[in-house]
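Just so you know, numbering that gives the first Met the number 0 puts 196 at position 197 of the sequence shown, and the rest follows in order with no gaps.
Don't read these hints as lab results, they were simulated from the structure. Take the hints with a grain of salt, since some may be wrong.
[What the hints assert, rightly or not] Taking lysine-lysine and the DSS-like style, the derived pairs with C-alpha atoms no more than 30 Å apart in a straight line are:
1. Lys252 / Lys74
2. Lys286 / Lys93
3. Lys132 / Lys263
4. Lys70 / Lys93
5. Lys70 / Lys107
6. Lys240 / Lys252
7. Lys240 / Lys318
8. Lys70 / Lys252
9. Lys259 / Lys77
10. Lys132 / Lys45
[Stated by the list, open to error] Cβ pair distances, simulated, as ranges:
11. Lys77 / Ala116: 35 to 41 Å
12. Lys315 / Leu128: 21 to 27 Å
13. Lys129 / His249: 37 to 43 Å
14. Asn223 / Gln46: 23 to 29 Å
Beta carbons: idealized from backbone N, C-alpha and C, even for Gly.
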Amino acid sequence: MKEYLKILSMVLVITLAVYPIISSVQAQQIYDPRDKNIPPIPSDLKQFYNNFRQKHTPELVRFLLAGSWNKDTNKVAKDFFSIGNFMVVHDTGKLQINTSRLAENYLKDNVTNPLKAKKSITLQTGETLKFKKLDRLSTAELYYYYVRDHIFFPHSSNEGGVTNRIPGFNLLVTTTSERVRFPTETVAAGVGACADQALLLATLLYMDGYEVAIGTAPSIGTKNEDGSITWAGYHVCVYLKDEGWGIGRHELKDDEFGNKMDGKWIILDPINSPRHVQNMRMMGGGKVLEFGDDPAWLNIISFDDPLVGYALIDEKAAKEFSV
């Protein structure tokens, strides 16, 4: 009981500390560009997802509730990276099981093929981003803006989120009813928290052969006088390797599993959408991020901080992962 009260008091302190750091973006009229005719996912696929989550519930819950009170955040993050890597590789169709092929076909039919055919994406502002032809850069941009603007962050219980009357507290516990969704589930729902959006974006990119990693950083928190951070909740984003576009500016060390992260990398943080940014309680606040923009939390936390991690999407590791 004492430990519970300690954790609760820490959460309240963090919440009240970060409450003033709310985006100054004023409420604006947001256009809903989502496809209202997205079909449900196949029943076999849904059953596979539910069984997988049931088996890995302890790891997912520990990740969602991670914070300064955790003794081994490194293991918590690595467990999530392993699970997230499997979820991405599974939905790209690269595993030799029927559900993997079902997921791949669903994403191609409902996301990648339509985007490539139209060469355009309607944004939450009501504007349409168009390309005369698609190359590697413009295709990556299409995928980013699809996730940023067509997957809504859950703001209320009817969107799959959890609300709370304590200002700022809801983001700590906001997730979907599935805790973490597979990419195909996120497309079908049109709603997803940061982990859901990041896994979907990583999947779309990986399907097309981009080198991509999942990244984590503290979600909400406060920086102390000694430079340490009292924090609660992991945030999830995506790292995309620059293929010579001149946009990437981040040189990274080896990932959490010792894989080389050569070259320069772009951070993609798709929850920073016009609709969601005015509701964000992230460290550093929030701002609408275009493709290639760095998130505000990077102004507070450096890549050397042990709370920041990343792991390459690794097909071999996914095939060795125990379902």
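So which hints don't hold here, by number, going up? 2, 4, 5, 10, 12, 13 and 14
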